[in-house]
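Work out the full structure: start from the sequences and follow the hints.
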Amino acid sequence: MVIRERVRLIEGELTIESNPNRGARLEVSVPQHRETAYGHRRSQPIRIVIADDHPIFRDGLATVARS
92 MVIRERVRLI
102 EGELTIESNP
112 NRGARLEVSV
122 PQHRETAYGH
132 RRSQPIRIVI
142 ADDHPIFRDG
152 LATVARS
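So the sequence shown is numbered by this note's numbering: it starts at 92 and just counts up by one.
Quick caveat, the hints were computed from the structure, so don't treat them as lab data.
Ideal placement from N, C-alpha and C gives every residue a C-beta, glycine not left out.
Worth double-checking, as some hints may not be accurate.
[Claimed, not checked] Beta-carbon label-pair distances, calculated as ranges:
#1 E102 - V140: 24 to 34 angstroms
#2 L117 - I147: 17 to 27 angstroms
#3 E102 - H145: 24 to 34 angstroms
#4 D143 - V98: 13 to 23 angstroms
#5 R99 - I147: 24 to 34 angstroms
#6 E102 - P146: 27 to 37 angstroms
#7 A153 - V98: 19 to 29 angstroms
#8 S158 - P122: 15 to 25 angstroms
#9 E102 - I147: 27 to 37 angstroms
#10 R157 - S120: 16 to 26 angstroms
#11 S158 - P111: 28 to 38 angstroms
In C-alpha cells:
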C-alpha cells in the first residue's frame, strides 16, 4: 500500500511538489477526529515518519512535528 492510499484510508489529503535537484515537499493533512463504525468520535494519535539525508534538517523537522 502506498502513502496516498494510506492517507485516503484515514480521510486525509496528500499534496506532492517535486523539483529536480531541490528535493520534494510532501504535505499530508488528516482530520484530528474520526468517527468509529458505531458513530462515536474518537481521537487517535498521529504517527509520522520524517526522512532527510541531513541530520540537522531531520532534527529540525522532528522538533517542528512535536510542537
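Right, here's what the structure says about each hint:
1. For the pair E102 and V140, the supplied restraint of 24 to 34 angstroms is violated, since their beta-carbon distance comes to about 19 angstroms.
2. The supplied range of 17 to 27 angstroms is met by L117 and I147, whose beta-carbon atoms lie about 19 angstroms from each other.
3. Checked against the hint of 24 to 34 angstroms, the pair E102 and H145 passes, with Cβ atoms roughly 33 angstroms apart.
4. With their beta carbons about 20 angstroms apart, D143 and V98 fall inside the hinted range of 13 to 23 angstroms.
5. Take R99 and I147: their Cβ atoms lie about 33 angstroms apart, and the range 24 to 34 angstroms holds.
6. Between E102 and P146 the Cβ separation comes to about 34 angstroms, which falls inside the hinted range of 27 to 37 angstroms.
7. Checked against the hint of 19 to 29 angstroms, the pair A153 and V98 passes, with Cβ atoms roughly 20 angstroms apart.
8. Range check, S158 to P122: about 19 angstroms between beta-carbon atoms, so the 15 to 25 angstroms window is met.
9. For the hinted restraint 27 to 37 angstroms between E102 and I147, the CB-CB distance of approximately 34 angstroms keeps it satisfied.
10. A hinted range of 16 to 26 angstroms holds for the C-beta pair R157 and S120, which are about 18 angstroms apart.
11. At about 31 angstroms, the CB distance of S158 to P111 agrees with the hint of 28 to 38 angstroms.
In summary, the structure is inconsistent with hint 1 from the numbered list given earlier, while agreeing with all the others.
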